[in-house]
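Q: Line by line, the protein sequences are chains D and G. Residue numbers are given in the working numbering: position 327 of the first sequence equals residue 327, and the series is strictly consecutive. Residue numbers are given in the working numbering: position 73 of the second sequence equals residue 73, and the series is strictly consecutive.
There could be a bad hint or two in this list.
One copy or two, either will do: identical chains are not told apart, so a pair holds if it fits within one copy or between any two.
To be verified - The calculated DSSO-like cross-link candidates involving lysine-lysine, where the alpha carbons are at most 30 Å apart (straight line), are:
{"no.": "1", "residue 1": "64", "residue 2": "89"}
{"no.": "2", "residue 1": "260", "residue 2": "399"}
{"no.": "3", "residue 1": "247", "residue 2": "209"}
{"no.": "4", "residue 1": "331", "residue 2": "209"}
{"no.": "5", "residue 1": "64", "residue 2": "399"}
{"no.": "6", "residue 1": "182", "residue 2": "331"}
{"no.": "7", "residue 1": "182", "residue 2": "209"}
{"no.": "8", "residue 1": "210", "residue 2": "265"}
{"no.": "9", "residue 1": "209", "residue 2": "260"}
{"no.": "10", "residue 1": "260", "residue 2": "210"}
{"no.": "11", "residue 1": "89", "residue 2": "182"}
{"no.": "12", "residue 1": "182", "residue 2": "260"}
{"no.": "13", "residue 1": "247", "residue 2": "182"}
{"no.": "14", "residue 1": "49", "residue 2": "331"}
{"no.": "15", "residue 1": "247", "residue 2": "260"}
{"no.": "16", "residue 1": "49", "residue 2": "64"}
{"no.": "17", "residue 1": "399", "residue 2": "89"}
{"no.": "18", "residue 1": "247", "residue 2": "210"}
{"no.": "19", "residue 1": "247", "residue 2": "89"}
{"no.": "20", "residue 1": "265", "residue 2": "64"}
{"no.": "21", "residue 1": "209", "residue 2": "89"}
{"no.": "22", "residue 1": "265", "residue 2": "209"}
In short, the hints are calculated from the structure, not lab data.
2 protein chains.
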Amino acid sequence: MSSEGFFGKPLSAVNLGLKSFHESLRAQGAASIHVEWKPPAASADLIAKLERPEVEAANAEALKRLCDANPVLAGVERAGDVVPGLVGKLLLHAGPPIGWERMCGPVRGAVLGAVLLEGWAQTLEDAESMLAAGEVMLEPCHHHGAVGPMAGVLSPSMWVWVVHNDVHGNDAYCSLNEGLGKVLRFGANSPDVLARLAWMRDELGPALKKAVAARPHISVRALTAQALLMGDECHNRNVAATTLLLKELLPGLLRARIGKGVVRKAAEFISSNPHFYLNLSMAACKCAADTILGLANSTVLSAMARNGTEIGIRVAGLGDRWFTAPAGMPKGLYFAGFSASDSNPDLGDSTISEVAGVGAFAMASAPAIVQFIGGAPSDAIAHTRRMYEICLGRHPHFKIPVLDFAGTPVAVDVRRVVETGVTPIINTGIAHRLPGVGQIGAGILDAPSEMFHQALAAMAG
Amino acid sequence: MSSEGFFGKPLSAVNLGLKSFHESLRAQGAASIHVEWKPPAASADLIAKLERPEVEAANAEALKRLCDANPVLAGVERAGDVVPGLVGKLLLHAGPPIGWERMCGPVRGAVLGAVLLEGWAQTLEDAESMLAAGEVMLEPCHHHGAVGPMAGVLSPSMWVWVVHNDVHGNDAYCSLNEGLGKVLRFGANSPDVLARLAWMRDELGPALKKAVAARPHISVRALTAQALLMGDECHNRNVAATTLLLKELLPGLLRARIGKGVVRKAAEFISSNPHFYLNLSMAACKCAADTILGLANSTVLSAMARNGTEIGIRVAGLGDRWFTAPAGMPKGLYFAGFSASDSNPDLGDSTISEVAGVGAFAMASAPAIVQFIGGAPSDAIAHTRRMYEICLGRHPHFKIPVLDFAGTPVAVDVRRVVETGVTPIINTGIAHRLPGVGQIGAGILDAPSEMFHQALAAMAG
């Protein structure tokens, strides 16, 4: 971003903590005031321990990998056929590991629905007995190269987007989006919800598989980049991205051997759901984030996910270890008839968006999102600006027009989070706290800070 | 718009001229400094003559009609079957009236191409002889309830969008968009250009007719409103609007009796042209603007159009009379291999967009447009802000997220144009000045002021 502000006024910064950041701003000719603020002594010691050349080098590599990753749509497949280790009576769920007994209402609702969808039980009561008896295994999506929005429940017969990173060679997976309101991922499991999932399994999934096979290698990165120029942030606003995706899928849908009635139903289903792109975007973000999983010495955030009970993060240099805290409560707007007292704590793997430099981090691109999550357009800009404070770079492919085409903030450095007290901002849907109800709104929240302190201690220790 | 500015700073205004405007700002609690600036004495006298209750009342009615108009897509038809008076060897063109001898290069190129398309001549030489001999009639689109982008040439066998105003009952027409580059409306007329037009006549037009018949009453106003939330201004940036339109047309295309191959070709043609929506938007804008044509005592702009030689305006209270000035030269960005010295003066009926409160007037919605026309995102915002000075209101349906969802400026008051010296800003494509070449860029310019003075004198006289 240039040092000229939005209305031609020069930008100025107040810098807290790391003096090098202030010096870099001054070197670029921007006004900056350095304030000698220091985090609590214990944290300051940890940060000091991690101000090492190996960490800087590893973080530079992490930033490079996150930005270079080029996720392309490689296929649409039955989860049981492609997701590593998804065998037997195993269901995947969002967030860090959690057992049935501690699962929140909407995740329980989704798990029960998935058991019925798979035919492992015929009634919700039977399904519940199976789970209570430990007859169904439950593991995080993140442990299987996958991510899932909200409850994030993935069962073998569901279909997934297969996203392949053309640069680093890794794959990632995410289910197909069901729509808003009364849907499995928000905890609903009534017959109409299951009937929709059955149609997706029997008709939509196979049709999309043929369509993508007929026109492979759609660049998800290019779709996201274009959508950011069109008012989306690709987490809670996917209006443009969904229409762009439909446009990309159409030639394949129309070329492949698919009946015109099926094409019409598929196109109408996609058209009627402005969040259809979310799941594909999440797979792409996971694909990028996985490139830094286990990158020694790096203090960059590699995953952030919630199971509705806890939120967890992973840091690149610490591999697959989770650091958790109680899940927060989003502030937002509620659908008619619902209020904050109905809402479940923060839920879902969709925060992989923010890890990869989109979602709430790109909110300046999406001022119209405030109609969905509350606040004013100026808040959306302020959120993005604040995230630059804790990120190592700006995404070279994801540009924000209103900030003079600055790249989105990307690569959260846990040192900076602890140092500044600024935690990642999260856009999210809001689920009813009881199983079986569904989505009741959408909102925003800051990630809790404790887990970043824990992760920093582990990195320094 | 609230009196709070974009970054939470209060807005303040410097008011020139009309004290009532300053008083109104003060009454709303906004800071405003009134400067005793007056336009030249002769103009000031004219303005004073028009500060009458009848004019205020007529202008209030004009604003109301422009905002209330609800253009819906009523059909796609052969121009010769529906455009009033389009019979015999008649071609319609953009802008105010002009004869063959004074027509600029690109309009000549388009007229010649249309003569070949209609089969009235077999070679460009023969076509030119016919025109020189006066064997082909030439009249403005605007005289037939139609509008056309750039050269705006409309011939009987071309297909048109038929837009119906559900509130005031009037219809308007515009051709189907051919794409960018080497296309008829930018003056190209080679065999490939004519082959594309023949395909549009024989296959695309009839398919769209069936598609729209299968799913009629698509609200063009709603599409434009949504596109403004997605980074378009619906004149020179139609990326979002085109995908939204495709989404609306798809169910009809897939439901009607149209071969899958034709559907695929139509969908690919629309998908590959990010300006496909422009022509439909123009018909909708014409539909709104025509509601004030001949509205006695109103000083509101009812049309603005260029034929590449002259630009002309109409004012509501003066019916179908044109006030003209030499066409200006746009400043912009040029396609590779071209420069300003190749460009034709400003051309086309597409300035009906600005008359109806979109296009350059809504540019604050479309910061990414600067990649196409030049300038910085902050310029885009400044242009919209400046247009509020000469407009009577804010469009209740067309909102700009980044300006806290303020409505776009709408209803240009010719009194204010003369008083402030601010003329309407125009977004435009740039045609090569020679016939047969095509589009070479896109840019921006201010309408010349003389014709507004002439119109004001006619209103006062």
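Q: Hints first: check each against the structure and report whether it holds.
A: Outcome of the hint check:
1. Neither within a single protomer nor between protomers do residue 64 and residue 89 lie at most 30 Å apart by alpha-carbon distance, with minima of 39 Å and 64 Å respectively.
2. For the identical chains of this complex, residue 260 and residue 399 are neighbours neither inside a copy (38 Å) nor across copies (37 Å), given an alpha-carbon limit of 30 Å.
3. Taking the closest pair of Cα atoms, residue 247 and residue 209 come within 30 Å of each other both inside a single copy (16 Å) and across two copies (21 Å).
4. Within a single copy, residue 331 and residue 209 get their C-alpha atoms no closer than 38 Å, and across copies no closer than 47 Å, so neither meets the 30 Å cut-off.
5. Only within a single protomer do residue 64 and residue 399 lie at most 30 Å apart by alpha-carbon distance; the minimum there is 16 Å, versus 39 Å between protomers.
6. Proximity of residue 182 and residue 331 under a CA criterion of 30 Å is satisfied intra-copy only: 21 Å inside one chain copy versus 52 Å between copies.
7. In this assembly of identical chains, the alpha carbons of residue 182 and residue 209 lie at most 30 Å apart only when taken from the same copy (26 Å versus 37 Å across copies).
8. Taking the shortest alpha-carbon separations for residue 210 and residue 265, both the intra-copy value of 15 Å and the inter-copy value of 19 Å come in at or below 30 Å.
9. Taking CA atoms no more than 30 Å apart as the test, residue 209 paired with residue 260 passes in both settings, with 16 Å inside one copy and 19 Å between copies.
10. In this homomeric assembly, residue 260 and residue 210 come within 30 Å of each other (Cα to Cα) both inside a single copy, at 13 Å, and across copies, at 16 Å.
11. In this assembly of identical chains, the alpha carbons of residue 89 and residue 182 lie at most 30 Å apart only when taken from the same copy (25 Å versus 60 Å across copies).
12. With identical chains, the CA atoms of residue 182 and residue 260 are at most 30 Å apart within one copy only, with a shortest distance of 28 Å there and 34 Å across copies.
13. Taking the shortest alpha-carbon separations for residue 247 and residue 182, both the intra-copy value of 27 Å and the inter-copy value of 24 Å come in at or below 30 Å.
14. For a Cα distance limit of 30 Å, the shortest separation of residue 49 from residue 331 qualifies neither inside one copy, at 36 Å, nor across copies, at 56 Å.
15. In this assembly of identical chains, the alpha carbons of residue 247 and residue 260 lie at most 30 Å apart whether taken from the same copy (16 Å) or from different copies (16 Å).
16. When the C-alpha separation of residue 49 and residue 64 is checked against a cutoff of 30 Å, the pair qualifies only within one copy, where the shortest distance is 23 Å, while the shortest distance between copies is 67 Å.
17. In the homo-oligomer, the alpha carbons of residue 399 and residue 89 never lie at most 30 Å apart, since the shortest distance is 43 Å inside one protomer and 51 Å across protomers.
18. In this assembly of identical chains, the alpha carbons of residue 247 and residue 210 lie at most 30 Å apart whether taken from the same copy (16 Å) or from different copies (21 Å).
19. Taking identical chains as interchangeable, the C-alpha atoms of residue 247 and residue 89 are never at most 30 Å apart, the minima being 37 Å within one chain and 40 Å between chains.
20. For the homomeric pair residue 265 and residue 64, neither the shortest alpha-carbon distance inside one copy (41 Å) nor that between copies (40 Å) is at most 30 Å.
21. Only within a single protomer do residue 209 and residue 89 lie at most 30 Å apart by alpha-carbon distance; the minimum there is 25 Å, versus 52 Å between protomers.
22. In the homo-oligomer, the alpha carbons of residue 265 and residue 209 lie at most 30 Å apart both inside one protomer (15 Å) and across protomers (21 Å), since each shortest distance falls under that limit.
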